[in-house]
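Here the protein sequences come in this chain order: A and B. Under numbering that gives the first Met the number 0, think of the first position of the first sequence as 0, with each following residue one higher. Under numbering that gives the first Met the number 0, think of the first position of the second sequence as 0, with each following residue one higher.
Calculated directly from the structure, the hints in this document are not laboratory data. C-beta atoms are modelled at their ideal positions from N, C-alpha and C, and glycine is treated no differently. Hints may be right or wrong, so weigh each one.
Pair by pair, the computed Cβ-Cβ distance ranges are [as the list claims (entries may be wrong)]:
#, chain 1, residue 1, chain 2, residue 2, range
1, A, Asp-85, B, Val-98, 38 to 46 Å
2, A, Glu-24, B, Asp-70, 18 to 26 Å
3, A, Glu-25, B, Glu-15, 28 to 36 Å
4, A, Arg-123, B, Glu-116, 27 to 35 Å
In case you want the letters, here they are:
There are 2 protein chains.
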Amino acid sequence: MTKRYWEDFEVGEVREYGSKTVTKEEVIAFGRQFDPQPFHVDEDAANAMPFGGLLASGWHTGSMFMRMFADNLLADSASLGAPSIDRLRWTQPVRPGDVLSVRTTVLSKSASKSRPEIGFVQNRHEVLNQDGTVVMWCEGPGMIQRRNPDATV
Amino acid sequence: MTKRYWEDFEVGEVREYGSKTVTKEEVIAFGRQFDPQPFHVDEDAANAMPFGGLLASGWHTGSMFMRMFADNLLADSASLGAPSIDRLRWTQPVRPGDVLSVRTTVLSKSASKSRPEIGFVQNRHEVLNQDGTVVMWCEGPGMIQRRNPDATV
């Protein structure tokens, strides 16, 4: 597979990918392991709350995004990981039965001043449900290998 | 248990809590489910990389933080969840065998203009390893019930 290097990413490019059906079993299992608040792990308690029903932990939603991102974008890019998330918003509840996908937009690019072999790609990731509603979005840089570290940018 | 309401949080208060030993099995299991990059799931591949060895996914580190936060701070507060993370940095690798804990500082407080029954507490969370090194930090607001919604702030 041909890897995409830093030079191959274009500011403004948009990629849409992924399809993850959220299951009740996964919501409860993640909640029990990492976020055991009643609305993540206790269906009866969640049903009695104003929002009505089990909700996925925000960290679960982020982790489901990460899997789609890894399988679809990172898999064919010379990625060196990510140092940070600059902003993240959980904008709508994620419930069992939702089908999530991702839309990633390249906001900007910059070369590393200290490490000529890498560059940064600033992405905006939007996680959508089956209605096209954004349930979570985040922005942050990815570190990508440069094909031509000696080229001036 | 007496719940802590919005009024009970003081700007500048610091709470240190949690002790989570990171295991190889958990790092690989999380990686296989949510972040199947070689350095999270393939010990041999990870050992051959410059950083030398399996690393926990950043989302795994965040989820382990969430568990300590839920068990220690949210468990005794009138929390209504969190809408966002404003900044998050993964500052050091997290490896199997590391023992993580959390230090949470209240940065600021504000009443909700639209919802008098809630207030916001802006927290800075630092995740430390057994050497006291910060491996991840993030800042963001939590929504907390107000004991006295009608009180002027």
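Do the hints match the structure? See the list:
For the pair Asp-85 of chain A and Val-98 of chain B, the supplied restraint of 38 to 46 Å is violated, since their beta-carbon distance comes to about 29 Å. A C-beta distance of roughly 22 Å is found between Glu-24 of chain A and Asp-70 of chain B, which places it inside the suggested range of 18 to 26 Å. Checked against the given bound of 28 to 36 Å, the beta carbons of Glu-25 of chain A and Glu-15 of chain B, roughly 32 Å apart, stay inside it. Take Arg-123 of chain A and Glu-116 of chain B: their Cβ atoms lie about 33 Å apart, and the range 27 to 35 Å holds.
In this structure, the one hint that does not hold is number 1.
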